[in-house]
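Protein chains: 2
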Amino acid sequence: MKAKVILLERRPQGTPTESDFRFTETEIAAPAEGEILLKALYVSVDPYMRGRMSEAKSYVPPYQLHKPIEGGVVAQVVESRHEKFPEGSVVVGNLPWQDYCLSNGNGLSKADPNLAPLGYYLGVLGMPGLTAYFGLLDIGRPKEGETVVVSGAAGAVGMVVGQIAKLKGCRVVGIAGTDDKVRYLKDKLGFDAAINYKTAASIRKALAEACPNGVDVYFDNVGGPITDAVYSLINNFARISVCGQIAYYNATELPVGPRVESRLLIHRALLQGFIVTDYAPRFGEGIKALAGWVKEGKIKYEDTVTEGFENIPRAFLGLFKGENTGKQLVKVAEYKG
Amino acid sequence: MKAKVILLERRPQGTPTESDFRFTETEIAAPAEGEILLKALYVSVDPYMRGRMSEAKSYVPPYQLHKPIEGGVVAQVVESRHEKFPEGSVVVGNLPWQDYCLSNGNGLSKADPNLAPLGYYLGVLGMPGLTAYFGLLDIGRPKEGETVVVSGAAGAVGMVVGQIAKLKGCRVVGIAGTDDKVRYLKDKLGFDAAINYKTAASIRKALAEACPNGVDVYFDNVGGPITDAVYSLINNFARISVCGQIAYYNATELPVGPRVESRLLIHRALLQGFIVTDYAPRFGEGIKALAGWVKEGKIKYEDTVTEGFENIPRAFLGLFKGENTGKQLVKVAEYKG
Chain A
436 MKAKVILLER
446 RPQGTPTESD
456 FRFTETEIAA
466 PAEGEILLKA
476 LYVSVDPYMR
486 GRMSEAKSYV
496 PPYQLHKPIE
506 GGVVAQVVES
516 RHEKFPEGSV
526 VVGNLPWQDY
536 CLSNGNGLSK
546 ADPNLAPLGY
556 YLGVLGMPGL
566 TAYFGLLDIG
576 RPKEGETVVV
586 SGAAGAVGMV
596 VGQIAKLKGC
606 RVVGIAGTDD
616 KVRYLKDKLG
626 FDAAINYKTA
636 ASIRKALAEA
646 CPNGVDVYFD
656 NVGGPITDAV
666 YSLINNFARI
676 SVCGQIAYYN
686 ATELPVGPRV
696 ESRLLIHRAL
706 LQGFIVTDYA
716 PRFGEGIKAL
726 AGWVKEGKIK
736 YEDTVTEGFE
746 NIPRAFLGLF
756 KGENTGKQLV
766 KVAEYKG
Chain B
436 MKAKVILLER
446 RPQGTPTESD
456 FRFTETEIAA
466 PAEGEILLKA
476 LYVSVDPYMR
486 GRMSEAKSYV
496 PPYQLHKPIE
506 GGVVAQVVES
516 RHEKFPEGSV
526 VVGNLPWQDY
536 CLSNGNGLSK
546 ADPNLAPLGY
556 YLGVLGMPGL
566 TAYFGLLDIG
576 RPKEGETVVV
586 SGAAGAVGMV
596 VGQIAKLKGC
606 RVVGIAGTDD
616 KVRYLKDKLG
626 FDAAINYKTA
636 ASIRKALAEA
646 CPNGVDVYFD
656 NVGGPITDAV
666 YSLINNFARI
676 SVCGQIAYYN
686 ATELPVGPRV
696 ESRLLIHRAL
706 LQGFIVTDYA
716 PRFGEGIKAL
726 AGWVKEGKIK
736 YEDTVTEGFE
746 NIPRAFLGLF
756 KGENTGKQLV
766 KVAEYKG
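Those protein sequence lines, which keep their order, are chains A and B. In our numbering, each residue carries its 1-based index in the first sequence increased by 435. In our numbering, each residue carries its 1-based index in the second sequence increased by 435.
Treat each hint with caution, since some may be false.
Which copy is meant is left open, so a pair is good if it fits within one copy or across any two.
What the hints assert, rightly or not - List time: in silico SDA-like cross-link candidates among lysine to any residue, alpha-carbon distance up to 20 Å:
#1 K735 x A724
#2 K771 x T450
#3 K756 x P548
#4 K492 x P647
#5 K578 x K730
#6 K621 x F744
The hints are simulated quantities; they were obtained by calculation from the structure and are not laboratory data.
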């Protein structure tokens with residue numbers, strides 16, 4: 436059979452465009468012994484993928500030119516010659532941007548459609564949720580009564596960070612880029628304050644008002660001038676968890692900015708980068724905690740779902756325009772229970 | 436009696452000059468009950484003092500204008516009405532830049548002239564040694580076989596950092612500013628490699644050659660382009676201990692440079708500032724370890740001693756010209772045993 440596939444046509448220069456991708460078809464054989472044929476249901480688009488589109492070595496290898504892009508996908512088994520994954524079961528894992536694909540099951544885990552909406556397995560119960568969980572609790576180590584600031588607060592990671600921090604008894608301040616997002620953070624997710632960095636006359640002043648006791652923990656998804664403003668308010672022994680730097684993912688030159696070391700020194704502060712997959716041995720712990728909080732209604736969750744395989748590149752490009760609230764997914768097909 | 440004293444005459448703009456200081460005399464009464472009259476033997480001049488000469492709030496309060504500068508001093512008790520400090524005993528503590536002064540003993544500790552040369556109590560057995568000990572072992576956490584880079588390597592802190600790292604089985608690379616210092620680090624202190632940043636054609640290239648396996652721990656005393664070069668070579672899970680930023684102590688504008696966050700993220704690296712006094716509850720542990728290593732000859736130690744009370748400001752200014760190897764002291768008077 437033929438499957439639709441999206442290839443990396445060329446390496447983006449600066450901000451990616453639709454012409455960096457190419458739609459084509461690929462021939463798929465029937466599953467051999469030990470293989471499964473998968474039908475994609477939900478495809479995840481994530482900011483980190485921008486890094487893999489460049490040639491530069493990073494913590495994940497670059498995508499190859501003229502090969503399928505790959506990333507987080509929820510898929511249903513439509514034909515199985517693999518004991519562990521019977522026909523009709525649902526899996527989540529790193530898979531190519533294809534409507535159908537073959538897999539030997541390596542690296543896939545099962546997703547239970549009765550436990551949570553299937554898209555959650557790419558969000559609060561997937562990499563974004565785990566990123567929030569470990570980055571906040573292991574590096575940020577928030578203590579009751581402290582002030583936690585999160586940038587990219589209405590994103591898939593940020594909204595979970597803020598809610599976990601609330602569960603820990605912190606004052607939580609979110610930074611986001613639209614008034615709708617700001618309202619959502621305050622009214623729906625219980626953030627103590629939220630700032631629209633695009634409309635604030637001075638982001639530093641707005642932050643100072645929102646953080647009368649300074650900043651003890653900063654969960655940084657964005658970098659750039661927003662981060663500079665937060666740094667100016669850190670308290671002694673502050674912890675800064677560097678999760679993402681979306682401000683620079685499309686940068687073509689080495690970004691410069693205020694040097695941070697003197698400030699870290701004066702405040703005895705910690706700045707640490709992390710990558711969620713380093714916590715793989717503890718994913719079970721994280722998923723259990725997150726699933727519990729979601730079930731008890733202590734963590735609310737939302738995703739932005741775009742429909743249609745043909746819209747995957749466009750949904751990816753939207754990430755850099757701040758279009759999504761929460762996790763951005765593309766729904767490719769309906770789950771058949 | 437009259438004592439000589441050095442006042443802060445004005446707050447330095449940029450690099451301090453001799454005219455920022457003023458020599459004068461002050462009247463000292465005879466010690467009251469519970470007081471001691473101290474004669475200064477050794478006065479410490481340290482880069483961090485530059486910060487206290489500015490008005491800006493930092494981790495130690497600014498010096499007051501037209502008041503004595505103060506800092507680490509080894510002094511001998513010449514008259515005592517204090518049980519704990521009999522006449523003839525030697526103390527170390529934070530004292531004014533005076534040839535004689537009164538004290539009630541608060542914050543002073545005793546120094547044993549038989550255990551180590553008295554200047555050591557301002558160096559390897561004092562704040563610089565403790566700074567090296569805690570900054571390297573608590574934040575850097577070097578493991579056997581790792582590569583440790585230290586900047587300001589021939590300074591009071593740096594030379595101890597490098598030798599402790601050698602004791603821990605690391606490859607140790609020092610960065611310093613003269614060929615004499617480089618030779619000293621390699622030939623006398625056992626550093627595996629040392630680089631003269633002033634003569635190296637490319638500091639980055641010289642470092643890459645000296646660190647064929649990358650950099651696991653960086654103990655940063657300087658900041659600036661040297662630090663940028665080290666950052667370019669860090670390994671995954673590197674630890675950077677920010678101890679000093681002498682490159683900026685005289686800066687009149689906020690320094691800018693390459694942003695570090697993306698690199699910290701890619702390498703899951705840690706950058707942490709610290710101040711030795713935060714470790715005060717553990718000073719006993721540090722001094723015991725350092726004194727043991729010095730006694731066993733495992734840590735070699737050197738200081739640069741300038742003679743004469745009148746040369747204290749000049750010795751301080753020399754710190755910013757890289758004049759000293761090891762701890763810079765001023766000998767004010769002879770110990771009388």
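Homo-oligomer pair classification [P548, K756; C-alpha up to 20 Å]: neither (31 Å within a copy, 68 Å between copies)
Intra/inter-copy verdict for K492 and P647 if alpha-carbon distance must be at most 20 Å: between (41 Å within a copy, 18 Å between copies)
20 Å Cα threshold - placement of A724 relative to K735: For K735 and A724, the Cα distance is within 20 Å only inside one copy (14 Å; across copies 52 Å).
Alpha-carbon proximity context of K621 and F744, limit 20 Å: neither (33 Å within a copy, 62 Å between copies)
Same-copy or cross-copy closeness of K578 to K730 [CA-CA at most 20 Å]: neither (24 Å within a copy, 43 Å between copies)
Up to 20 Å CA-CA - T450 versus K771, copy category: neither (37 Å within a copy, 73 Å between copies)
Hints 2, 3, 5, 6, counting from the list given before, are not met by this structure.
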